[in-house]
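A.B. asks: The lines below spell out each chain.
6 protein chains.
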Amino acid sequence: MMSVKSDQSKLQRKAAILVEALPYMKKYNGETFVIKYGGNAMIDESLSQQFAEDITLLKQVGINPVVVHGGGPQIGTMLKKLDIESEFIDGLRVTSKDAVSVAEMVLCGGVNKNIVADINAKGGCAIGLSGKDSSLVTAEKIIRKRADGSEVDLGFVGTPKAVDATFIEQSIANGIIPVIAPIAMGEDGQTYNINADTMAGAIAGALNARRFILLTDVSGVMNKAGEILTELSFSDVDTLIKDGTITGGMLPKVETCVNAVKAGVNGAVILDGRVLHAILLEIFTERGAGTLIRE
Amino acid sequence: MMSVKSDQSKLQRKAAILVEALPYMKKYNGETFVIKYGGNAMIDESLSQQFAEDITLLKQVGINPVVVHGGGPQIGTMLKKLDIESEFIDGLRVTSKDAVSVAEMVLCGGVNKNIVADINAKGGCAIGLSGKDSSLVTAEKIIRKRADGSEVDLGFVGTPKAVDATFIEQSIANGIIPVIAPIAMGEDGQTYNINADTMAGAIAGALNARRFILLTDVSGVMNKAGEILTELSFSDVDTLIKDGTITGGMLPKVETCVNAVKAGVNGAVILDGRVLHAILLEIFTERGAGTLIRE
Amino acid sequence: MMSVKSDQSKLQRKAAILVEALPYMKKYNGETFVIKYGGNAMIDESLSQQFAEDITLLKQVGINPVVVHGGGPQIGTMLKKLDIESEFIDGLRVTSKDAVSVAEMVLCGGVNKNIVADINAKGGCAIGLSGKDSSLVTAEKIIRKRADGSEVDLGFVGTPKAVDATFIEQSIANGIIPVIAPIAMGEDGQTYNINADTMAGAIAGALNARRFILLTDVSGVMNKAGEILTELSFSDVDTLIKDGTITGGMLPKVETCVNAVKAGVNGAVILDGRVLHAILLEIFTERGAGTLIRE
Amino acid sequence: MMSVKSDQSKLQRKAAILVEALPYMKKYNGETFVIKYGGNAMIDESLSQQFAEDITLLKQVGINPVVVHGGGPQIGTMLKKLDIESEFIDGLRVTSKDAVSVAEMVLCGGVNKNIVADINAKGGCAIGLSGKDSSLVTAEKIIRKRADGSEVDLGFVGTPKAVDATFIEQSIANGIIPVIAPIAMGEDGQTYNINADTMAGAIAGALNARRFILLTDVSGVMNKAGEILTELSFSDVDTLIKDGTITGGMLPKVETCVNAVKAGVNGAVILDGRVLHAILLEIFTERGAGTLIRE
Amino acid sequence: MMSVKSDQSKLQRKAAILVEALPYMKKYNGETFVIKYGGNAMIDESLSQQFAEDITLLKQVGINPVVVHGGGPQIGTMLKKLDIESEFIDGLRVTSKDAVSVAEMVLCGGVNKNIVADINAKGGCAIGLSGKDSSLVTAEKIIRKRADGSEVDLGFVGTPKAVDATFIEQSIANGIIPVIAPIAMGEDGQTYNINADTMAGAIAGALNARRFILLTDVSGVMNKAGEILTELSFSDVDTLIKDGTITGGMLPKVETCVNAVKAGVNGAVILDGRVLHAILLEIFTERGAGTLIRE
Amino acid sequence: MMSVKSDQSKLQRKAAILVEALPYMKKYNGETFVIKYGGNAMIDESLSQQFAEDITLLKQVGINPVVVHGGGPQIGTMLKKLDIESEFIDGLRVTSKDAVSVAEMVLCGGVNKNIVADINAKGGCAIGLSGKDSSLVTAEKIIRKRADGSEVDLGFVGTPKAVDATFIEQSIANGIIPVIAPIAMGEDGQTYNINADTMAGAIAGALNARRFILLTDVSGVMNKAGEILTELSFSDVDTLIKDGTITGGMLPKVETCVNAVKAGVNGAVILDGRVLHAILLEIFTERGAGTLIRE
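Chains as they are written, first to last, in full-length UniProt numbering: chain A, 1 to 295; chain B, 1 to 295; chain C, 1 to 295; chain D, 1 to 295; chain E, 1 to 295; chain F, 1 to 295.
Honestly, I wouldn't trust all of these hints.
Because identical chains cannot be distinguished in the list, a pair is counted as satisfied if it fits within a single copy or across any two copies.
Mimicking EDC-like on lysine to aspartate or glutamate, the simulated pairs with C-alpha atoms at most 20 Å apart in a straight line are [claimed, not checked]: (1) 10 / 44; (2) 262 / 217; (3) 145 / 83; (4) 97 / 45; (5) 122 / 20; (6) 224 / 44; (7) 141 / 187; (8) 10 / 20.
Hints are computed from structural coordinates only; laboratory data are not their basis.
Generate the whole structure from the sequences, applying the supplied hints.
C.D. replies: This is the structure in structure tokens:
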């Protein structure tokens, strides 16, 4: 027999948030959200635990999260331990066959399984995959051209040429949370390392995801006044690139978002992974917490 | 292109409420909640609009609400207009054949259709029924006995003898919100008026509802210190009746809850219908807002 | 151990009727028949009992009856009891807000539930609905124009603007006999009374009914020789209106039938509701018993 | 534009027969009726055409007829043409290997295909089978014993040892009317001729048929006053055999009926195949037209 | 406890054949093969037993065989026994009504049931049908014209006018092996005998069979060097007819194959029925064992 | 137009092998085969390519292979490169936290993905998993006890405590070939390395596999005469252990097989992985190629 004094005003604030959140429940029920996971959110132990919790919670309430992760620093550490040094051409790092083997081992056998284990420890049911599994992603070697037209061979660095998401869709329907490492096989039978943002965007497109969420270490796209821009159309993006608002590292992120939308995603979000429960806030509140890019 | 300044602490409070509410989403997904609707919540225009909104919201997020309503005051008004006076025996009101016809007309043709229309206006898909429709409830005449064993004939006042909820279950599966008036046919071919709390409890039992929520004009069961008792076992109820904590009008309410649980309901809640969004708070917060009675 | 003398000629007459009726069984199996119920058939106790029996029988043999009923006399009686007098404009009765409330109460809470109870007592499984339930019918205010172009406001009298028969179809599939009162909500949030023939025709059209049967107090359309015309094409109808064979109260009935056929009904029948088992004879015999109107 | 004068009393007689017949429609919907077809009904051209019509009609209204036929006279004619003479032992005819080949040819390749063709010409969808097809019936040689215990070898005359009705049930579900000849394979790999009544009864039992109808050239079982006995229990049968009412050729027919009921049939009927539409009258009228035997 | 000395080279030969055969398993899984069965393969006891075994094996591994058989010699024998002599017109045999009755009896009641029994004895589940059953084939009288344009009436010899393979498809899905005799009903209500090759080709076309296999008593189509031609296109066929390679009895066989392919068969094979397990070799080895004709 | 001279005796040998193999097709259709892959078969490039081909072929013909692999030598090589030295207690190697991390990386990120890629290159659809994915296997630390009862801590070496094969079964049904590395999470949140044979046997048991095939570098269990024992019962195993026939490294292999059978596998086979297509020969020939152990 428990008793309690009720605090009416606190109850009404709660009710207001519920009335705000519940419609998103319906709106996003059964929808797929592809989340690029990396950076601080992956390294900080408290953020990574809470990320696993949020992902599990999403699945439990009927949203289908698919996680694509990076792991650059972890690869770097292992390459160093194994004394595998990188060659550079024109200032660009070349990925040798040995290096891509290490990348695969670290990403698929290390980082990936840790994320899977974290989610499963929170009560989810994750599986770890790479682009090789069920031939999910077929890679294509990236060809960089010099100004004189000659090609630079950067080794085993690829980009997604084709995505067959059949098995991902079946797994989702079976209650699974797929966690995917950015490694894939080329048609030449070679293993390629793929940029995690690009891999995530391509998978999101193939899944016609409702949202592609790019977790980063910045606060979304900001205007020159330092305010977060909550929603951008393609033409907004054009304008902001031209006027120099979007620059530097933000440029490829915005481009990946635009490409994902063009490939079939309903909307792409650049979201600050350093904020606790950023994903829940983005999904269940009116304003969200990052920058939404839509056609 | 919209911009915004983010308020981190407000966002974190929101996230905390979401983390609290989301697990209930999963817990109650696909479950049936039978709600007895009456009193102030039905008369006050603002409360009744918000009730219709909450019911619609529940259905949208995967919970199946079933509404059973009363309408005593509305019947009284119509009886007066039609100059139908009640006879009294031993101080108890007798329901004549004319009176029960008026009750049926007012409940099924007035109150019921208003609730249906309110829910549908909010985007729900409600239908109005009485115990006669699809032979949902079979009534049995209530027999009151005097101390000397002689019977008092109170006329066409009944109690549920049998409930066949097949059609209600099919309608729920079809996305319908059933709204039910407490009128039913007896095996004698006569129409009976049934106490709305009793009708709701019997239907909740037949549906093996997850919760039977009795909306009332009081703040749940309170201890002598005036604090709401949030959860009571059957033995708690016994104790509180014996020590005089539960008395008066609260007695039959508690009894209806206990009977509903015995008939198959997982838990019954006496809830203050005067609180805005009382139902949402009860369902999606840890403490709820009323008194939960469970075996 | 029972014994019997067989009467061969009687047996052969029976066999002949069965050979006539059985093919209709197959022809109409799973088909929907919308029946407008009203007039003598509804008032005469013996006819109304037998109507309930016929409807139940139809459902049992695989035909899906949907009943739409009127109730003008019953509304009139109640308006009188409540001293609600009608205003008249240009000789037309105006339906006030009070009057439409009474109409709804009487139709939905009185007449409708009686029909439901009668059918259920015969072993059927009926539910009573109005156009408000599951937003079945959306009403539109009827605008009458005077010769000078000015509009007459007749109050809350409507006509069906849209019909969403989804729930009716689901109920039919669940073995239910829907019984529908001619009341509906307008997009303005007001309640409207609709002519029962019009309501029935609109619902029959939305259901693509095999037959729309209009039970009336006359013997179908007759030629000037007083013989019933068993089948009429649209052009027959035109001819008969022009030559004055179809006049008076028969005109709107024929028009309702033509409209129902245009809206998707396979054929519409004006049938004499005063004949015992008129519906069975219409459905299972070669000639039927009324006037069939088809394109 | 057709007109007609209605004859009310004739209409009411029709309605009465419909009200009598329709409930049987519901009662027997989806039920299986196994009909032993033979004798006059098969030889008389008018009766056989009408038999094919009745069978087709039954299927169309949702009843599942299964026909098992005989063909003794046709076999006799062919044996004669081929100069195959029968040997007799103790006055019983012996079926030689040649004779059973002829029987199979005549039954399966002659009689059976004629019945199939007749039904299909009426719009049904029949297929002709024997006990060999889909291993429907496994035969067992009949062993007759003399008084002194020695066995009489009557050749290739068998009795059903096992029935596997799977394919018959699937065919019925696919809208097929199976027509079955009384020929089956033994476990010894030999072909056996089976008494058609026995074959029909065994198949009816395996199908748990609602009715096993034995069409014969007599008017059902009659009492000593010459009246048809419309229904007999097993104990009635015992009494009537003991008191000499059931004798001669009626004895094995009654026994076959009793065995069919014991094997799973709901009721078995001995029916006069010489009456036009005997099957329809038996199924759709209260009294039926033959003798029903039930436990 | 069994021991064995392994013979590596024999094992490797086995493995090689398995690696060759297994892909056909996948390729033909669920596909329909219509096999015209006749000639030596049907008469030679050892070949016919092994035919039944092969057919059963095919069904067990997921291929759907449909057998269409002939029976000319057996009909001839019976006509002789019954002293039914053939009339000849212009040197062509005329099939009288008596003769077609005998043909039906022998094919449907004799040959057909023997094949069914053989397959069932091997563990298959066959049923025997003719074109009459389920109105599978509708026949059309063959009209031969003389040079002067006058018609020769050859009696009851027909050709398939229409094929309704619905029931065959349902039976196949139910695990049945259909065995079909070349007899069918005409629209004139007469029974016709059809050439078995033509009947088989028409059924194969209606079933869109993967293969139509014509078992014959020759080694496929051979070139002038006496080598079997393993695959022919339509234009190859044209060439070989023009240059006189395909002549005599091979001409109608090749024509039937071409027609079957035009009617919907993927490929037709003329196969030597005198080779043991010819069907298995044709289906599961790279070269097959006969001549494949494809567009 | 291709021609060929047929070699009848070669064709008949092929036919004989097909007749031998086809029944196994039916017998094993839809059955699950768990294959422990390791040793020479995994290291020899030609054997590993052919293993991938056989696995793909099995799946294509309706058998469901599940591969569990080892990788001891590969782990050893990487530990050496990273200068991680093993501690030894009582002569047993201790697996440190660093070592198990390397094992996971090598097994899940190296060996596993190579096998997946090989199978997919042959046209299969494999996915790589470890015991962590979908919480497939829960590990338990292995406790070794010294003679004096004191425990030896060998570090992160585990044994399967529980197997949840739900996702494996769903994947199989979706056409997937699961390839599983012997790594799993303990309830203590630690990662454990598991012996691959034991892991495979436990998974085979949980899947109630038809066969658990243990590919090794020996020719099955041999008797003292050097002949392979093709089938052993549990009691045979007991005898052979007692009489010293089964000794050394064969002992734990036999024990793993017995345990798998006890856990639900129908039969376990110790098979020589050095024989080309050993798996196909084992599955599709009468004698198989290894030692089958069954209860």
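A.B. asks: Which of the listed hints are broken here?
C.D. replies: 1, 2, 3 and 6
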